[in-house]
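Chains A and B are the protein sequences, given in the same order. Under my numbering, the very last position in the first sequence is 472; numbers go up by exactly one each time. Under my numbering, the very last position in the second sequence is 1763; numbers go up by exactly one each time.
Keep in mind that the hints were calculated from the coordinates and are not lab data. Watch out, some of these pointers could steer you wrong.
Claimed, not checked - Cross-link-like lysine-lysine pairs, in silico, DSS-like; alpha carbons within 30 Å at most:
(1) A/K296 / B/K1411
(2) B/K1211 / B/K1284
(3) B/K1569 / B/K1489
(4) B/K1190 / A/K296
(5) B/K1214 / A/K176
(6) B/K1644 / B/K1411
(7) B/K1267 / A/K291
(8) B/K1254 / A/K176
(9) B/K1213 / B/K1255
(10) B/K1214 / A/K346
(11) B/K1260 / A/K296
(12) B/K1413 / A/K176
(13) B/K1166 / A/K296
(14) B/K1046 / A/K176
(15) B/K1362 / A/K291
(16) B/K1046 / B/K1254
(17) A/K346 / B/K1413
(18) B/K1190 / B/K1362
(19) A/K291 / B/K1411
(20) A/K291 / B/K1489
(21) A/K296 / B/K1284
(22) A/K291 / B/K1163
(23) B/K1644 / A/K296
(24) B/K1230 / A/K296
(25) A/K346 / B/K1489
(26) B/K1605 / B/K1453
(27) A/K291 / B/K1230
(28) B/K1414 / A/K296
(29) A/K291 / B/K1413
These numbers were taken from a predicted model, which means no experiment stands behind them.
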Amino acid sequence: MAMLLNSVRSYPISPARAVQFAARSLSTSSQQHAQAQTKSKKTLARPGVKNIVLVEGVRTPFLMSGTAYADLMPHDLARAALQGLLNKTSIPKDAVDYIIYGTVIQEVKTSNVAREAALGAGFSDKIPAHTVTMACISSNQAMTSAVGLIAAGQCDAVVAGGVEFMSDVPIRHSRKMRKTMLSLNKAKTLGQRLSLIGSIRLAHLSPELPAVAEFSTAETMGHSADRLAAAFGVSRLEQDEFALRSHILAKKAQDEGLLQDVVSFKVPGRDIVSKDNGIRPSSMEQMARLKPAFVKPHGTVTAANSSFLTDGASAVLIMSEEKALAMGYKPKAYLRDFVYVSQDPKDQLLLGPTYATPKVLERAGLTMNDIDVFEFHEAFAGQIMANLKAMDSDWFAQTYMGRKAKVGTPPMEKFNLWGGSLSLGHPFGATGCRLVTTVAHRLQKEGGQFGLVAACAAGGQGHGMVIEAYPQ
Amino acid sequence: MAGVRALGVLSRLTSRKYALFTGNSFRSFSVAPAMLARTHVNYEVKGDVAVIRINDPNSKVNTLSVQMQKEMTEVMGEVWANDAVQSAVLISSKPGCFIAGADINMIQACNSEEEVTKLSQAGQKMFEQVEKSPKPIVAAINGSCLGGGLEFAIACHYRIATKSKKTVLGTPEVMLGLLPGAGGTQRLPKMVGLPGAFDMMLTGRNIRADKAKKMGLIDQLVDPLGPGLKSPEERTIEYLEEIAVECARGISNKKISLHKPKGTMQKIQDYIMSFEFVRNQIYKTVHGKVMKQSKGLYPAPLKIIECVKSGVEQGPVAGYLAESQNFGKLARTSESAALIGLYHGQVACKKNRFGTPQKEVKTLAILGAGLMGAGIAQVTVDKGVHTILKDTAEAGLARGQQQVYKGLNDKTKKRSITSFERDSILSNLTGQLDYSGFEKADMVIEAVFEDLKIKHAVLKEVEAAVSPHCIFASNTSALPIKDIAAASKRPDKVIGMHYFSPVDKMQLLEIITTEQTSKDTTASAVAVGLKQGKVIIVVGDGPGFYTTRCLAPILAEAIRVMQEGSNPKKLDGLTTSFGFPVGAATLIDEVGIDVAAHVAEDLGKAFGERFGGGNVEVLQTMVDLGYKGRKSGKGCYIYQPGLKVKELNSGIDEILEKYKLNPNPAVSSDSDIQYRLISRFVNEALLCLQEGILNSPLEGDVGAVFGLGFPPCLGGPFRYVDSFGADKLVAKMRQFEAVYGSPFTPCQLLLDHANDPSKRFYK
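Next comes chain A alone, as it looks inside the complex:
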């Protein structure tokens, strides 16, 4: 933790010092590169288990909701991601066996958004498509479903992706009003209709808004994150520092052109969008001025240290290794072991990474030291810090996870180095593919061998996946 604080504190605001920093960070990664190569030649390939590879991963720019994408529909975004993938891979439009998309808040008109987007993106209408939902790990679920289809020998090439569109959400009539309107449909005589219309009261007219709240506990996620941060004694300062780190790193990655997964998108009636627009490095003083957003007046989670509502879509092409090679692709990475975990949706809502990390490492036969690249989903700075503290606690591991000892904390110099959901944005359904693609790109760039993705999700669920670099 001290390491993090130090590194964040020494973060430069002035561009001159940014160069300094960049130089330093590059030098560390080249060291790691050397380490990684000497450390292990082992691979997670197992006899009798199919090697499944990530061929390519793309995403639309992630925009704050209500900005340039405001007039689109969710499938438009997904379509843009799919077209980007088609362009980048030049895969024939009928060479894909299956398409799976993840999404959280569904547009009711396109409830199987995977199918609508695939058709719109020009894929062959002979390719079946389905949509999955698992809160913030929906596209993780899309990818692992693809892995499952390939492993089972049912498919060889699957496109997985995710989309979220928060600029427009389904706001419904109240239940009473809906009931009246449905009865109106069935009413046969004018009298019946008039009496139904007459029964409408003012209360019928209040709309129902979707909330980012747990159904089981009725608690909003921000509120739960604040309680979680408090439970682990995470201070406001620590959260603001981590959030600032995320923005600074994202800005750097954007400026250096490291975010290669972003594909430009010509929004109808608007300019071409080619950059994420939520990255805003600010100052600690400015961040300190914000009032808590959920727990008032003593809470610590603010708008600045939480991820913001985002529009965006992502897509990846996943294949069996033989098929990829046969088609002449150079895969980016192997998708190895993965786990899903779930725990108490009230008090441990966002602790998914803590539960998933030791479990997936154990499955893969790796330890924290073997991992060169960490990409954790940053829902809230407080949530990340709480997870790091939980992962560093023997007491927590023994009392709540039934483990003998803690798994340990990821070293900060390997953690979310190109920014994270706090700064890049978090379109719920699309983030998982971004994490996996980023790991693959970072492994290539930094020369590491193993990467770990971990994420929390509403419902008290979580996901972890080990990714192995493809030999270059």
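Start from chain A and add chain B according to the hints.
Just chain B, lined up with the frame of chain A:
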């Protein structure tokens, strides 16, 4: 099935768990005064904030005992004297309890009214110093904050409370026949307004933290935390302390204002309240309501109104004086003694004196999804016990399941549970028509029709389906358990569990053991009852056990009173004005005329002439005409769904005319009728103790009050004999005996007490 719909005072007394006073009586009065270290109150200075921590080492809850007050005064003195300290936080180190109230033994140890008044004045003085403290004091509340604890908290300058389910605030003194005697009657009206303060003090109800915040009783709420690097309980208290310390600092720095801006509604309310005639109207209305509900039998509510009125109308000096003097007066009343006795009894009957059962009941099966069966399911399923509800017909089963659902759904409407919790609780309930899955049951409670043949058939079916360790409990109200057990292969596993209707409202459970019932079976039944939240009396086997047996004679007498020309309304008036929460005629309707007739006949056969009185034919004729009480819509009264006012059932006039008796003027005054009713009840209760059906007078009193609605202000039949005088009661009974004969013959135990005034049931 002695169904008593508890109303008014009784329901207030019974339906809420209150821990005003600890049951722990071995408090360290005799501790050497020269004790060096403080044991109850300590403090630590964090920066410029003193954190005062309360923790009674001898008890699960903190109480304002002599020791606690002494140490608190010392600590306060040091805090005020310490120049480095700018503000203070008051917090309890106990999870789940801030301060549960004053120490009851401290009050009971007093020998005179003046002594209690002094006690109250000492409390008032201490809290006045707190209120006038130059250094702001923040009360950080987690867990119960009741009685004296609440009075302490509202004397502080700021209150922060956790939103935990365990955090409740209230002034339950009235339920013990007392009043908030340490400034509560003076500070509460200023804090929450007259109506709110009266509501709190007169009902004694517990208020949850979020409601308290809305009322203005609490300034800030803190969410309870889940697990982190420490246990949730530990960390939540720590977190509360951190926030309170910040807050105390903010108040002393003037960053947090103690002056709350008033809302428009508040301003309007204050304006209205500034008129004397409005306030007078409130006093009058409240007084009227209290008189209507308590029939003037309970002095405490009236004194509370008096204290509030003195404070508001004549100023604080008069108010505080009235409070301390009235507190002294109330503490010496027989009503307070009776209510405190019941409280002790309730605490005692919430313990399992039979030890821990060998096997915990994890699956409970209930036979019969009627009102009773479903009621039992309702109080079981939400305690995490897998509950099987079995009926023989689908319609009955559906009705029963709906009853359980409705009970839980009503809780979600009141927001005491979420709809998710409701669904998750309901997932523990299995409704079925056959015996599948009974092999997993650890206990079966039958609530089928009261007929020995049916009970035997059911018992045999159950024994064929369950595993050998399974306990068979019968929810019968009158059939002797040994008669039921006669058909059993395992009579040591057979026991009686007599619930009262409505099961979710009535606190009492009467457990009946036979000579063959094993101790472990009893321990298990008590453990289940406690889990269901019941107050439990364990009695011996016999016709009508204890409760039904006491009820039968009073009902027989009630019928006779009606035959003698008092209509049901008159009868109800006479009984409620004596302190019964439910009138005798209404009670008969609630129990069910058919059940009453059945019981009267059965017990009449078993006990003979002593159970005579009214003509059983009266009841039988009513049943024949379809007047079965509330459940059939007609009994002594006519019940119409949705209508609260009930009309007399003119249909019974004819019956009463037919069986008319001529009253004997010597024993027929209103007061005589009341004593005729009560003396038969009391005599029968004493007989139960004399015959060994009852284990102790305490259980007898608890059973009578919580199960049958015996006037709580009298404390139960045994305490009543003590307070009224056995000799006086015998004299009354002899007078009635001369007219009516053996039903009024005093039992030997009563005669013994009458002959020797030193004999008392309670010391």
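- Query: Of the hints given before, which are not true for this structure?
  - Reply: 3, 8, 14, 15, 18, 19, 20, 21, 23, 25 and 29
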